[in-house]
Amino acid sequence: MTTTDSLEDAIEVLQQLGLKEYEARCFVGLSRLHTGTAKQLSEMTEVPRTRVYDAIRVLEAQGLVEIQHSSPQRFRAVPLDEATETLRDQYEGRVERLHNALDSVEIIDGDEEKSVQQVWAMSGRTAIENRTDQLIEKASEEIVLVLGDESLLTEELVARLNDAVADVDLLIGALTESLQDQIQTAVPDATTFISGLEWLHGENASEDETAIGRLLLTDRSTILVSSIMPGSKEEQAIFGEGFGNGLVVIARRLMAQGLLTARDPKQ
Numbered sequence: 002m003t004t005t006d007s008l009e010d011a012i013e014v015l016q017q018l019g020l021k022e023y024e025a026r027c028f029v030g031l032s033r034l035h036t037g038t039a040k041q042l043s044e045m046t047e048v049p050r051t052r053v054y055d056a057i058r059v060l061e062a063q064g065l066v067e068i069q070h071s072s073p074q075r076f077r078a079v080p081l082d083e084a085t086e087t088l089r090d091q092y093e094g095r096v097e098r099l100h101n102a103l104d105s106v107e108i109i110d111g112d113e114e115k116s117v118q119q120v121w122a123m124s125g126r127t128a129i130e131n132r133t134d135q136l137i138e139k140a141s142e143e144i145v146l147v148l149g150d151e152s153l154l155t156e157e158l159v160a161r162l163n164d165a166v167a168d169v170d171l172l173i174g175a176l177t178e179s180l181q182d183q184i185q186t187a188v189p190d191a192t193t194f195i196s197g198l199e200w201l202h203g204e205n206a207s208e209d210e211t212a213i214g215r216l217l218l219t220d221r222s223t224i225l226v227s228s229i230m231p232g233s234k235e236e237q238a239i240f241g242e243g244f245g246n247g248l249v250v251i252a253r254r255l256m257a258q259g260l261l262t263a264r265d266p267k268q
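For the sequence shown, my numbering gives the first residue as 2, with consecutive numbering after it.
Calculated from the structure, these hints are not laboratory results.
Please read these numbers as outputs of a predicted model, since none were measured by experiment.
Among the clues, some could well be false.
Pairwise CB distance ranges, derived in the manner of DEER restraints [what the hints assert, rightly or not]:
#1 50 with 8: 49 to 57 Å
#2 54 with 138: 47 to 55 Å
#3 6 with 159: 50 to 58 Å
#4 190 with 8: 43 to 51 Å
#5 74 with 97: 44 to 52 Å
#6 72 with 138: 22 to 30 Å
#7 8 with 93: 23 to 31 Å
#8 64 with 44: 24 to 32 Å
#9 221 with 62: 38 to 46 Å
#10 49 with 107: 23 to 31 Å
#11 164 with 95: 26 to 34 Å
Within a straight-line C-alpha distance of at most 25 Å, the following computed DMTMM-like cross-link-like pairs (lysine to aspartate or glutamate) qualify [stated by the list, open to error]:
#12 234 with 10
#13 139 with 170
#14 139 with 83
#15 139 with 242
#16 234 with 13
#17 21 with 9
#18 234 with 143
Every residue, glycine too, gets a C-beta built ideally from N, C-alpha and C.
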């Protein structure tokens with residue numbers, strides 16, 4: 002990535018975090034200078050000089066910029082670690098406000114009869130990882146998890162699985178021996194096995210074919226199945242809950258293929 006690309010990427014991220022374009026450009030400009038004047042910033046960032054002062058006032062109010070009241074005035078960005086911590090605190094504060102606001106909103110539901118079986122589609126690895134974490138955390142009896150890709154065995158997932166071991170039966174399958182070894186090392190108290198689901202990839206699977214990501218069944222009632230899209234590597238999933246015993250039994254037996262009956266506490 003070139004310097005220009007890095008600067009534009011930083012500006013885009015700052016805007017996503019709530020800064021306006023001129024504010025973001027001024028902050029990024031100052032991050033390249035020990036100190037700078039409005040004239041220097043305007044020339045560097047192509048922000049009109051009169052707008053530089055407006056942007057600096059906002060940045061100072063947010064704790065991102067310091068002002069030296071000299072003639073002419075000089076500005077400098079706070080240290081990078083301090084700036085990122087300030088932005089993180091602001092972002093987390095807004096997320097918390099959003100959670101509190103929506104949590105207090107009255108739910109309006111015209112359909113009083115809740116469907117027994119529900120299936121929903123999800124997209125994006127972050128969202129799917131968060132749902133996976135929630136399901137594992139809420140499980141009270143059993144977790145059956147099959148991983149089809151090494152990239153899904155993240156530190157966060159390992160921590161969540163290790164936390165769950167003491168409370169539930171934890172069965173983790175992998176499509177390859179190398180991945181099984183990694184899982185056994187990372188989650189030593191889990192029962193691991195080579196899953197019999199390698200047929201989902203097909204014997205002659207190519208890089209252009211969709212790959213199985215994760216299959217998760219908790220407490221024999223909630224299922225999450227994901228796939229990794231070729232090219233983009235984007236993860237997509239379907240999530241279902243409230244299933245009858247028949248579907249759950251079939252899903253569990255498929256997911257646990259390769260697990261010896263003697264080692265399966267609830268077969």
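### Message
Name the hints, by number, that the structure is in violation of.
### Response
1, 3, 5, 6, 9, 10, 14 and 18
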